[in-house]
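Student: Put the complex together from the two separate chains, hints included.
Here's the letter readout for the chains.
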Amino acid sequence: MRVRIKYFAKYADLAGTRQEEFEVGHIKIGELLRVVKEKHPGIRENESALVALNGKYGNEEQTISDGDTVSIFPPVSGG
Amino acid sequence: MEMERYLSQMAVKEIFPSGQKIIESSSVVVVGMGGTGSAIAEVMVRMGVKKITIVDYDTIENSNLNRQTMYKESDIGLKKVDVAKIELLKINNYVSVESVDQKLISSNAEGILSKADIIMDGTDNYDARHVLNVASVNLNIPWIFSAVEGTYGYVKAILPGKTSCLSCFEYPDEGEGISCTVQGVLPSAVRAISSLACSIALKVLMDKETYGDLIYLDVWKPMLEVMQIPRNKECRVCGTKKD
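Going down the list, the protein sequences come from chains D and F.
Residue 1 is where the first sequence starts when you use my numbering, and the numbers rise one by one after that.
Residue 1 is where the second sequence starts when you use my numbering, and the numbers rise one by one after that.
If we strip away everything but chain F, and leave its shape as in the complex, we get (with noise of 0.2 Å):
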């Protein structure tokens, strides 16, 4: 890798002297390609991880133009892992990027994210994000939970083994959730959440991260509040009920 290109992320007391080298020896897996995910995916591509898979079968809308960045109005009606993969290489050459065009589901989960050193979440509803938990704490594989709507979200580090997951604080498991043009969402919310989400991850992959607590964040008010999340022993997904 070349080191000018880093030398300001580097010269960052929480990552100098030893973040870059776990940086650039990192697989990352973002599953999603929509606001969150493909803002994620940007930042971590810039900051020179070894590898980055996306993941998403969807096409570009144009009602998608007002806050996913990586794509261009030329771009409607292409597919958008095609167009962030090539997009991702104009940004860094140097990282590997690979494209998987399916949607994620329980059945080819744990092949797409099994070489991941942390999977990134850009999905946009229940369904998806318990299929990635699940898979995450068979997997071992640590994952950051990242959701948003309106002016505010959600990040939150899990840890199988180690901090609670998202099934041991009942957030809703299944549901399609409410598509962002019904709910709506500002597009600065969408970078401040997955922007958090990138920091949150990078403190796991230097280990550095160990309460996995759920961080709510809103743009508008503005506001930050935490709150902690022990693990639940009877977790139906990482506890004793478990399947």
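Chain D on its own, in the form it takes in the complex (with noise of 0.2 Å):
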């Protein structure tokens, strides 16, 4: 099944775009998440991204279906 990853702000950067397709099997986020950034590894394993599964906000143990939209933010401190 075909899944779409959204990335923003520095994960744009990092992934080179501003979304991609995932050809995948029937997986979890958490999953998805380490498909990712073994394609991307400048998303760094230990950093706590914020996900979205279809635009709510989702975590990792959530099952994707085909032509969901997983979208990832990174976290923020400044002020």
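Everything labelled a hint here was simulated from the structure, so no lab data went into it.
Careful, some of the hints might be misleading.
Derived BS3-like pairs (lysine-lysine); straight-line CA-CA distance at most 25 Å [unchecked claim]:
(1) F/K221 to D/K10
(2) D/K28 to F/K221
(3) F/K103 to F/K72
(4) F/K72 to F/K13
(5) D/K56 to F/K221
(6) F/K21 to F/K115
(7) F/K221 to D/K37
(8) F/K72 to D/K39
(9) F/K162 to F/K208
(10) D/K56 to F/K233
(11) D/K56 to F/K242
(12) D/K56 to F/K208
(13) F/K85 to F/K103
(14) F/K221 to D/K6
(15) F/K85 to F/K72
So, partial list: chain D residues that the calculated Cβ filter (under 7 Å) puts toward chain F [said to hold, decoys possible]:
(16) A15
(17) A49
(18) K56
(19) Y57
(20) P75
(21) V76
(22) S77
(23) G78
(24) G79
This one's a predicted model, so the numbers in the text were calculated from it and none came from an experiment.
Idealized CB from N, CA, C, for every residue including glycine.
Tutor: Right, dumping it as structure tokens:
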């Protein structure tokens, strides 16, 4: 199945694109993130990215479906 | 209050007819008087809030002046809250301005924040926001989370008991983060995030904000994205796993 990943903020720079599609099996968000980080090592494993599944906050245990959009945001500390 | 000053904002349909009275009866606490905090404080005072309390322990540095428009070269070395109080009263002498020259920590947070109708986030690190989040939930006072770096940032209304809090979505709750001079921040991004935070605060004060979505704004792309964040029943700050 195909899922769309949307990268926000510095993740778009690290991935070199604002969005791309992945061909994956029926996996959970956590597994998808590992695939993403493997392809784009700049998105660090130890950074707690905020993830949305179809516009709603998601957690790593949620299973994704064909056609889903997963958005990845970095935490921001400045002010 | 003098009505003439506020006519243009009172004419906005989202504010008319009762919004201005709500603004003028509101007490706001702004924690952190850096880029976002000082801009938020200025807007709130110009709009005519009843009282504003500004909290910071820092002094003004040369590297602040590109984006912290409250301060000038002659202010370098002075306390931010001292200068800000003088400047805010010059803008609107009808507003009560209280300055608190302290770092907000767990032991003083509830005392400083307890009289607020709304708390505004002008902090620049995860530790301080965690303190704000816990105090807000304990006091049942809404706060507006705002954070910015580079060309982008976030704003979110946190209404205890109604919306998700900062810990509901596992936002980092400890650490200093990276300073603005290292990570970089565009002054216009600071202004945009501050303005958005003020708009959301007005909605909260007028009881027109109920969702508490996380709003992402990038002024360079430009791009705006909204993420729904439901409450986490097991949240350790506002849920069943609360300490």
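Student: Evaluate each hint against the coordinates.
Tutor: Verification of the hints:
1. F/K221 to D/K10: holds, 12 Å
2. D/K28 to F/K221: Violated, because 30 Å separates the two Cα atoms, which is more than 25 Å.
3. F/K103 to F/K72: holds, 23 Å
4. F/K72 to F/K13: violated, 36 Å
5. D/K56 to F/K221: Distance ~22 Å between D/K56 and F/K221 Cα, so the pair holds.
6. F/K21 to F/K115: Given that 25 Å is the threshold and the Cα spacing comes to 18 Å, the pair holds.
7. F/K221 to D/K37: Status holds; Cα separation ~23 Å.
8. F/K72 to D/K39: violated, 47 Å
9. F/K162 to F/K208: It holds: about 13 Å lies between the C-alpha atoms, which stays within 25 Å.
10. D/K56 to F/K233: Within the cut-off at roughly 16 Å; holds.
11. D/K56 to F/K242: holds, 24 Å
12. D/K56 to F/K208: holds, 21 Å
13. F/K85 to F/K103: holds, 17 Å
14. F/K221 to D/K6: At roughly 14 Å apart (the allowed maximum being 25 Å), D/K6 and F/K221 satisfy the hint.
15. F/K85 to F/K72: With Cα atoms ~14 Å apart, F/K85 and F/K72 stay inside 25 Å; holds.
16. A15: For D/A15, the interface hint is violated, since the closest Cβ of chain F sits about 14 Å away, which is over 7 Å.
17. A49: violated, 10 Å
18. K56: Given a least distance of 4 Å, the restraint on D/K56 holds.
19. Y57: Hint on D/Y57: holds, closest Cβ of chain F at ~4 Å, below 7 Å.
20. P75: holds, 5 Å
21. V76: Holds, because the Cβ-Cβ distance from D/V76 to chain F comes to roughly 4 Å (cut-off 7 Å).
22. S77: This hint holds: D/S77 lies near chain F, its Cβ roughly 3 Å from the closest one there, short of 7 Å.
23. G78: Holds. Min distance 4 Å.
24. G79: holds, 4 Å
Consistency with the previously given hints fails for numbers 2, 4, 8, 16, 17, ordered from lowest to highest.
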